[in-house]
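2 protein chains.
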Amino acid sequence: MSIEELARQAKEAAIKLAGADTALKNRALAQIAEELTAAKAEIIRANQEDLKRSQEEDLPEPLMKRLKFDEAKIKDVVDGIKSLIQLEDPIGRTLLSTELDEGLELFKVTCPIGLIGVIFESRPDALVQISTLCLKSGNGVILKGGSEARETNRILAEVITRATGKAGIPAHWLALLDTRSEVIEMLKLDQYIDLVVPRGSNEFVRYIMDQSRIPVMGHADGICHCYVDEDADIEMAVRVVIDSKTQYVAVCNAAETLLVHQKIAPAFLPALREALGDRVELIGCARTGEVIPVVPASEEDWKTEYLDYRLSVRVVAGLDEAIDHINRYGSGHTDSILTRDQRKAARFMEYVDSGNVFWNCSTRFSDGYRYGFGAEVGISTSKIHARGPVGLEGLVIYKYKLIGSGQVASDYSNRVKNFTHKKMNKEFPL
Amino acid sequence: MSIEELARQAKEAAIKLAGADTALKNRALAQIAEELTAAKAEIIRANQEDLKRSQEEDLPEPLMKRLKFDEAKIKDVVDGIKSLIQLEDPIGRTLLSTELDEGLELFKVTCPIGLIGVIFESRPDALVQISTLCLKSGNGVILKGGSEARETNRILAEVITRATGKAGIPAHWLALLDTRSEVIEMLKLDQYIDLVVPRGSNEFVRYIMDQSRIPVMGHADGICHCYVDEDADIEMAVRVVIDSKTQYVAVCNAAETLLVHQKIAPAFLPALREALGDRVELIGCARTGEVIPVVPASEEDWKTEYLDYRLSVRVVAGLDEAIDHINRYGSGHTDSILTRDQRKAARFMEYVDSGNVFWNCSTRFSDGYRYGFGAEVGISTSKIHARGPVGLEGLVIYKYKLIGSGQVASDYSNRVKNFTHKKMNKEFPL
Chain A
1 MSIEELARQA
11 KEAAIKLAGA
21 DTALKNRALA
31 QIAEELTAAK
41 AEIIRANQED
51 LKRSQEEDLP
61 EPLMKRLKFD
71 EAKIKDVVDG
81 IKSLIQLEDP
91 IGRTLLSTEL
101 DEGLELFKVT
111 CPIGLIGVIF
121 ESRPDALVQI
131 STLCLKSGNG
141 VILKGGSEAR
151 ETNRILAEVI
161 TRATGKAGIP
171 AHWLALLDTR
181 SEVIEMLKLD
191 QYIDLVVPRG
201 SNEFVRYIMD
211 QSRIPVMGHA
221 DGICHCYVDE
231 DADIEMAVRV
241 VIDSKTQYVA
251 VCNAAETLLV
261 HQKIAPAFLP
271 ALREALGDRV
281 ELIGCARTGE
291 VIPVVPASEE
301 DWKTEYLDYR
311 LSVRVVAGLD
321 EAIDHINRYG
331 SGHTDSILTR
341 DQRKAARFME
351 YVDSGNVFWN
361 CSTRFSDGYR
371 YGFGAEVGIS
381 TSKIHARGPV
391 GLEGLVIYKY
401 KLIGSGQVAS
411 DYSNRVKNFT
421 HKKMNKEFPL
Chain B
1 MSIEELARQA
11 KEAAIKLAGA
21 DTALKNRALA
31 QIAEELTAAK
41 AEIIRANQED
51 LKRSQEEDLP
61 EPLMKRLKFD
71 EAKIKDVVDG
81 IKSLIQLEDP
91 IGRTLLSTEL
101 DEGLELFKVT
111 CPIGLIGVIF
121 ESRPDALVQI
131 STLCLKSGNG
141 VILKGGSEAR
151 ETNRILAEVI
161 TRATGKAGIP
171 AHWLALLDTR
181 SEVIEMLKLD
191 QYIDLVVPRG
201 SNEFVRYIMD
211 QSRIPVMGHA
221 DGICHCYVDE
231 DADIEMAVRV
241 VIDSKTQYVA
251 VCNAAETLLV
261 HQKIAPAFLP
271 ALREALGDRV
281 ELIGCARTGE
291 VIPVVPASEE
301 DWKTEYLDYR
311 LSVRVVAGLD
321 EAIDHINRYG
331 SGHTDSILTR
341 DQRKAARFME
351 YVDSGNVFWN
361 CSTRFSDGYR
371 YGFGAEVGIS
381 TSKIHARGPV
391 GLEGLVIYKY
401 KLIGSGQVAS
411 DYSNRVKNFT
421 HKKMNKEFPL
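Going down the list, the sequences are from chains A and B. All residue numbers for the first sequence refer to my numbering, where the first residue is 1 and numbers rise by one. All residue numbers for the second sequence refer to my numbering, where the first residue is 1 and numbers rise by one.
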């Protein structure tokens, strides 16, 4: 089947799925949980094939770790599905109701977006998470996972498709692509696909953002900053900067650049250097180099997401220079100020143009689980629709539904009738 | 100055404007209203220049009418600004507050999107409306109006810039482009411009949607449908269809296609034909042609936005065929079902994938003013961010603001500390 035909079918199914009620969707989620548990042995066998092949192909160790899908991981995703069942259905909520005139009532009601394309890398648990999030929010989904996980992904998609079919979810609501060229095909199908969520390497995400007409929700870069103000508590600042940089270097919310107020630099930088030991390579501006030994930084360093034990460091004249630096070089992801001064914190949080702005805590907190959202679609650095860690609500939009009794616009133009525009507090009744 | 430099300046100003409080923004709006009134003579003089030149260039009559900006129109826009001042500030509202742990509090707070590019045609009042909407929502704006209105637009932009400068709004928050080639330049500047709102001819909107990486909010086509079900009240259906088609043919929410249930076609179509007289040309499928005389319709007609006294007509087997037709050929704008059967209405409103779905009333009601939104940014057929008539809230997004006291993520990974994830009901305190 062509990718276009597959997308057309999935879109048709998505439109039907939009009308599924909460009970049906939750029943289907429970069925998935049950069948994943029942198919445990089969899934682990498929994953072992992937692991074996990937080892022969010398897949790097961190990716091998993410690829592994064992009994414990299966239990995790099943637990995740059980939590998802407990979450409120985001669809069919009346956001606004207005009487336009007697017998002419307007309702703004949440509905699914439609058909979502999701591209993710090694971790097979992402397939389960994303597809169940789409199901709960009534969206169809086309998935493409990392090729290293192809056998695992295939069996997971099969199990999910079978379980939802049994539960009565429209067939074809989920499709799995095999190759990257199929993804390229998919990115052209803006008549069927309403949103693309790329989770993966920056390079590929940026390619998608550049190439497709379909709106994209996600982030290419995570160039996160810590700014240590002159009024910072040095001991706290050292602890927060180290956590922001080193707690997990390979992730988008790890700090890549440290900005330091010139007045505190002579005291703070040596303390940081000592606490870091030789775990982190420091790449610094000339003024940093006057205080501690650093590799000289180039313009390029301020724009680089190292995803490694490296940190670029710049001494700044004050808060406004820090804000300007972040708005110029940052990626709108997560930035934190360390200061005792509440007014400076307020200014930083107001003027730093990022989805997540923090005061006196680690950049690593910007995450759907840590924010208490439970299920997470991803982290978005867009300026519209959804920003920061995105939960189920990122997969939801709304429709206006207007119920009349034969009203025509000309009566209101001719002032035969007049709008009342009364706020109601009424659920959509149909 | 290059367009890039102009956009860079406007973005800088927009970031400052994001911090403006409600009182300052409302003061600036009042100043604009005052200075527009004071500059009345000057504005009318500039507009007369535009009118004279456009007449010499044989601008079509409807466009001449839209171009005209006289004392009454000035009063209208000034009244609009006064209403806008009364609207609640959409910025700085706390949407969510969660205690992640003791002393670690998360707030989701509304903020402006940033810098908006707006492209509009003949009507100079659009310049005033759009720029004051952007001001109220704390966004910078780059405007491009129709070249036929260039003198009027220039003086309006000058007055607004002067008034907001006096009130203390950051300079450069508003910029006016002169030529279409400058717009093409602007569409490349996705590092500065966060959203493009095109209001104008379909062709140009589609060009923008295709060419720019910047997210677009608007609509290219308005292919709206009326579906007359077998259970419709014929008299009501005739009235609603005629209003949907003829009340104002040149607008996006006018009906372009009529779908008729086969069982009601023999009674309904002749009644419609008679009521329409020869005001509207009917272009119909073969089955329509069996009942009333029509111009034969081609596949192309179902995809065409006539914006004229023409209506394509198709007889369908039933509700589901009507829904399929709309989802296939429609533009996701506005579609209305005429029926007495509540279950069919519910099904239509659930499964028609459009921003506005109506029961027993004219498609012409889908409009920000008629919906009671007051100020309107435009009508969107997007599937994300904002859909249908878009008020101020379409220019707003949010940030996550996290206030800590030195917390680091490693303490939570190591289970030294645990998240509490308590819902608070607290405004952001800074």
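Derived by calculation from the structure, the hints in this document are not laboratory data. Honestly, I wouldn't trust all of these hints.
To be verified - Sample of chain A residues facing chain B (criterion: CB under 10 Å; computed from the structure):
id: 1; residue: Ala13
id: 2; residue: Ala14
id: 3; residue: Ala30
id: 4; residue: Glu34
id: 5; residue: Glu35
id: 6; residue: Phe204
id: 7; residue: Tyr207
id: 8; residue: Arg213
id: 9; residue: Met217
id: 10; residue: Asp221
id: 11; residue: Ile242
id: 12; residue: Cys285
id: 13; residue: Asp353
id: 14; residue: Asn356
id: 15; residue: Ala386
Note that this is a predicted model, so its numbers are computed, not measured. C-beta atoms are modelled at their ideal positions from N, C-alpha and C, and glycine is treated no differently.
| Which of the stated hints cannot be reconciled with the structure, identified by number in ascending sequence? | Numbers 1, 3, 4, 5, 6, 7, 10, 12, in rising order.
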